[in-house]
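**Student:** Sequential numbering from 53 applies to the sequence shown in this note's numbering.
Each hint should be verified, as a subset may be incorrect.
Stated by the list, open to error - Computed spacing ranges between beta-carbons, pair by pair:
#, residue 1, residue 2, range
1, N131, K99, 32 to 42 Å
2, N129, S156, 15 to 25 Å
3, H77, K138, 14 to 24 Å
4, K98, K133, 24 to 34 Å
5, K98, D74, 28 to 38 Å
6, K98, V163, 15 to 25 Å
7, D110, G132, 15 to 25 Å
8, K72, G119, 30 to 40 Å
9, G91, S123, 27 to 37 Å
For the record, the hints were derived by calculation from the structure and aren't laboratory data. All residues carry an ideal CB built from backbone N, CA and C; glycine is no exception.
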Amino acid sequence: MKIILISCFLILPHVLHAQKIDNIHFYTTWSLDKYSENGEYYFPPKKERGDYISLNPDMTFTSKAEGKDSSGTWIFNANGKYIELKSASGDIEKLYIHFLSDKSMIVTYDVDKYRLWHVHYVSKA
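Turn these sequences into a full structure, and let the hints guide you.
**Tutor:** Next up, the structure:
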């Protein structure tokens, strides 16, 4: 019985501070700000400056990555805490959410090349 009570007291603060994320939290344009890995921060190379993802309430998106424009549809999977972008060409990208606020979003792309990097986006909304 003691173990159950202690477990409840240890878990309760984490549950109370858990953020419930809904689609509405993403409706803005997210501009690429920087990358991080192991506490070190890196600014994007010149070809990635100006990259963004714009997530719209009608569940469509537009984006620019390395100078290439893309568009399509998006969904948010609340259980897996990821956004799935499906481009008009059929390509699918998953962005795992690590942090989200009104002005900042930190994600990890589910792509081998970027899996270890945290990608930091900012919003001006």
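**Student:** If a hint holds in the structure, say so; if it does not, say that too.
**Tutor:** So, going through the hints one by one against the coordinates:
1. N131 - K99: 32 to 42 Å: 35 Å, holds
2. N129 - S156: 15 to 25 Å: Because 20 Å falls inside the window, the suggested range holds.
3. H77 - K138: 14 to 24 Å: Holds: the Cβ-Cβ distance is about 20 Å, inside 14 to 24 Å.
4. K98 - K133: 24 to 34 Å: 31 Å, holds
5. K98 - D74: 28 to 38 Å: 36 Å, holds
6. K98 - V163: 15 to 25 Å: 21 Å, holds
7. D110 - G132: 15 to 25 Å: Given a distance of about 22 Å, which is inside 15 to 25 Å, the answer is holds.
8. K72 - G119: 30 to 40 Å: Given range 30 to 40 Å: holds, Cβ gap about 36 Å.
9. G91 - S123: 27 to 37 Å: 35 Å, holds
Violation of the numbered hints given earlier is absent; every hint is satisfied by the structure.
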